[in-house]
Amino acid sequence: MHIQEELSQRHVLSLTVSNEAGILARIAGLFTARGYNIDSLTVADITDDHAISRITIVTSGPPKVIDQIIAQLDRLVPVHKVTDLTDAGPFVERELALVKVAGTGEDRIEALRLADVFRAKVVDTTIESFIFELTGTTEKVDNFVALMRQIGLVEVGRTGVVGLMRGKEAN
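In terms of UniProt numbering, the sequence shown opens at residue 1 and continues consecutively.
None of these hints come from the bench; they were simulated from the model. Please note: incorrect hints may appear among the correct ones.
Said to hold, decoys possible - Just the calculated beta-carbon pair ranges, DEER-fashion:
#, residue 1, residue 2, range
1, 38, 18, 18 to 28 Å
2, 49, 128, 19 to 29 Å
3, 48, 90, 26 to 36 Å
4, 104, 51, 44 to 54 Å
5, 166, 78, 42 to 52 Å
Claimed, not checked - In silico DSS-like pairs for lysine-lysine, Cα to Cα no more than 30 Å straight-line:
#, residue 1, residue 2
6, 140, 168
7, 168, 81
8, 100, 81
From a predicted model like this one, the values you see are computed outputs, not experimental measurements. Glycine included, every Cβ here is placed at the ideal spot set by N, Cα and C.
Based on the provided sequences and hints, a complete structural model is requested.
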């Protein structure tokens, strides 16, 4: 007997929710209780009156699991809308990272050269280190961090993914 395993696919989910205490814990609890993994999670207030927030979640799973996650999120009372950006059409996603690199001599020069190639901005510098600010896709940030690891990576801080659908309509 041959058991076919479904391929896991990365999905970016955008939720608009009422900005109330405990909603993030309820959403995280939904993932935890069912054994789903959250690869990235960001939350931000998106209205002038602070009533609505956008939560962006990056998760992976086969299509049936993603459909189940979306259905369960949709059932939570404070959730207004769930959009699977990955399936909904073209969208823009970005992540911000602060990357601290230590080095002297040629390593310092190489770190600055690579930062220029990746369009990373120097936001702090000392005689022995830099902190770079980098914005881009998760893949771009991962590649930059991997290269800096070879030079003298000290630490990384990442915001997680945020995403919006392309075009004039709101998510």
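**Violations among the numbered hints, reported as their numbers in ascending order** = 2, 5 and 8
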